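K.L.:
Sequences listed follow chains A and B, in order.
In terms of our numbering, the first sequence opens at residue 641 and continues consecutively.
In terms of our numbering, the second sequence opens at residue 170 and continues consecutively.
Keep in mind the hints are simulated off the structure, nothing from the lab.
Keep in mind that a hint or two might mislead.
Below, computed lysine-lysine pairings styled on BS3-like, alpha-carbon distance capped at 25 Å [said to hold, decoys possible]:
1. A:763 x B:495
2. B:221 x B:262
3. A:783 x A:763
4. A:783 x B:495
5. A:848 x A:832
6. B:497 x A:783
7. B:262 x A:763
Computed from a predicted structure; not experimentally measured.
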Amino acid sequence: MSDTILETEGLTKEFRGFVAVSDVRLQVRRGSIHGLIGPNGAGKTTCFNLLTKFLPPTRGAIRYDGRDITGMKPAEVARLGLVRSFQISAVFPHLTVLENVRVALQRHRGGSFDFWRAESVLKSLDGRAMELLEDVGLTGYAKVNAGELPYGRKRALEIATTLALDPVMLLLDEPTAGMTHEDVDRIISLVKRVAQGRTVLLVEHNLKVVSGLCDTITVLARGAVLAEGDYAAVSANPDVQAAYLGTDPGIAGGGH
Amino acid sequence: MAGETIASAAIRPDTDIQGFFGFSRPQAIAFLVLVAVVAVSPFLLYPVFLMKILCFALFACAFNLLIGYVGLLSFGHAAYFGMGAYIAGYTAKAWGFPPEVSILLGGAVGAALGLPFGWLAIRRAGIYFAMITLALAQMVYFFCLQAPFTGGEDGIQAIPRGTLLGIFDLSSDMAMYWLTAFVFLAGFLLIHRIVHSPFGQVLKAIRDNEPRAISLGYRVENYKLVAFVLSAGLAGIAGGTKALVFNIATLTDVHWSMSGEVVLMSLVGGLGTVFGPVVGAAVIITMQNYLAEFGAWVLVIQGAIFIACVLAFRRGVLGEIAHALKVKL
Chain A
641 MSDTILETEG LTKEFRGFVA VSDVRLQVRR GSIHGLIGPN GAGKTTCFNL
691 LTKFLPPTRG AIRYDGRDIT GMKPAEVARL GLVRSFQISA VFPHLTVLEN
741 VRVALQRHRG GSFDFWRAES VLKSLDGRAM ELLEDVGLTG YAKVNAGELP
791 YGRKRALEIA TTLALDPVML LLDEPTAGMT HEDVDRIISL VKRVAQGRTV
841 LLVEHNLKVV SGLCDTITVL ARGAVLAEGD YAAVSANPDV QAAYLGTDPG
891 IAGGGH
Chain B
170 MAGETIASAA IRPDTDIQGF FGFSRPQAIA FLVLVAVVAV SPFLLYPVFL
220 MKILCFALFA CAFNLLIGYV GLLSFGHAAY FGMGAYIAGY TAKAWGFPPE
270 VSILLGGAVG AALGLPFGWL AIRRAGIYFA MITLALAQMV YFFCLQAPFT
320 GGEDGIQAIP RGTLLGIFDL SSDMAMYWLT AFVFLAGFLL IHRIVHSPFG
370 QVLKAIRDNE PRAISLGYRV ENYKLVAFVL SAGLAGIAGG TKALVFNIAT
420 LTDVHWSMSG EVVLMSLVGG LGTVFGPVVG AAVIITMQNY LAEFGAWVLV
470 IQGAIFIACV LAFRRGVLGE IAHALKVKL
């Protein structure tokens, strides 16, 4: 088994001539928490959507676990254990919290094309679903429609749903976006906990969040890799400081 | 395991409110009321009128399976309904098939037609999906106008109802009513089961958040296609039954306005409720029946009701009731 689980080479995405992601080379070490940061419009989310196959790249290759996944469909990538979250909290609003997690657990029983069978056969998954909900502190909400949860709880539910798939690698898109301070702390500790035995790639806007969390950080600016290293190295980098603080108008305004 | 104990403690209250056949208690009550109405009404009202309601109720329920539980608005369901009517009518009349075989063949052809049509249409969503289904249905209409077996403008007339299973003569309206009631209730229960099955759970997940369902590893096109074929097949069964009830299958059954009518029924009754389309079909058919003396004004009144529904109670008649009672129907 190689040490690198996810790797891109020359990854490029152009939208009608506008280069959103340019020649990105990314290497995510197995078992690490890898941060992908950058100012607004740096191409983080585009890059993220390329990695999860929700967008086709214009050029370049993506390898996951030694396998070329560049031409795969998003559902196939998910089946290989590379599971993503979304920036806008992605729950199934009209399903209960329990059902949200259970739909993910259903994947283990195969296709679930059995339309003639009663829903009650899924009750065998309820125990595991409740364990996952307990893990993120949602036990009391099991019967509530997911759409009625407060924002921070939705993110927690989303993580529980993602974990239900027992992914090899988690891709989290700004897991703390729009959260209050207590919620941010809760999610950070949750991410730390679930990262045990997995690889996590995390897109983040907030430098503070990645500081305590990530082993390696890649900084994107204007679609290209600006710097890479641990938090100390990256935050000391003058280019990164410029990009974030806006001392160089060319970089600070980039990507808008 | 600690998790298991918590799980079973939290799950238990739910098992108490279970009705039967996967119905929740409110749904179980609604279903018993429905069965009672279906059983009693032929003694009070004209059976042919009631059979029309039942056929359209099944048609609307089949349509609702797509719009209500997968979020796909088909604007071409007349194709499957009408083709079901033609196939059932033709096999019963020309080949002398017994009614149960004719109706099932109508459903099978509806489903067989739904397979390629659905396969094409699910590649797009929203208005594009609706337009593709409409375009394909218009092709079916043209085919039915030209093909020799459909009788063109005349349609297939004097379709015999035949003898059910070789035992029950269906020529009396009451006998035919019981068959229609059976077909309707069986179809209704099947749809209820589909919606409340492991498959139905995935459908609802896709309806709620398709990208998320994909990210969980579900190949959503396959689920949409199976739902489409099931919906088309049930629409074909509804059409086939209708052909035997009225002894005719005509171009009206495949006309696009029939596709519009089923949208109207589902909307008036309540999208995404299992019982709503039944109520919607009853309301629309009753209106058409009792307002028939106003001639073309029926359409104007229907339009007014449609607008009133969309503006005043968007959830539909039953959807609003369910919302007020805080139950799922």
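K.L.:
Would you mind marking each hint as holding or not holding in the structure?
P.N.:
Hint by hint, here is what the structure shows:
Taking the CA atoms of residue 763 of chain A and residue 495 of chain B, the gap is about 24 Å. The hint holds against a cut of 25 Å. As the CA atoms of residue 221 of chain B and residue 262 of chain B are separated by approximately 20 Å, the hinted pair is consistent with the 25 Å bound. Proximity of residue 783 of chain A to residue 763 of chain A is assessed by CA-CA distance (about 14 Å); at most 25 Å being required, the pair is judged to hold. For the proposed pair residue 783 of chain A and residue 495 of chain B, the alpha carbon gap of about 14 Å is at most 25 Å, so the pair holds.
With a CA separation close to 15 Å, the supplied pair residue 848 of chain A and residue 832 of chain A stays within the 25 Å bound. For the hint pairing residue 497 of chain B with residue 783 of chain A, the CA-to-CA distance comes to about 14 Å; that is within 25 Å, so the pair holds. Our distance criterion of 25 Å between C-alpha atoms is broken by residue 262 of chain B and residue 763 of chain A, whose separation comes to about 48 Å.
Violated hint for the displayed structure: number 7, the only one.
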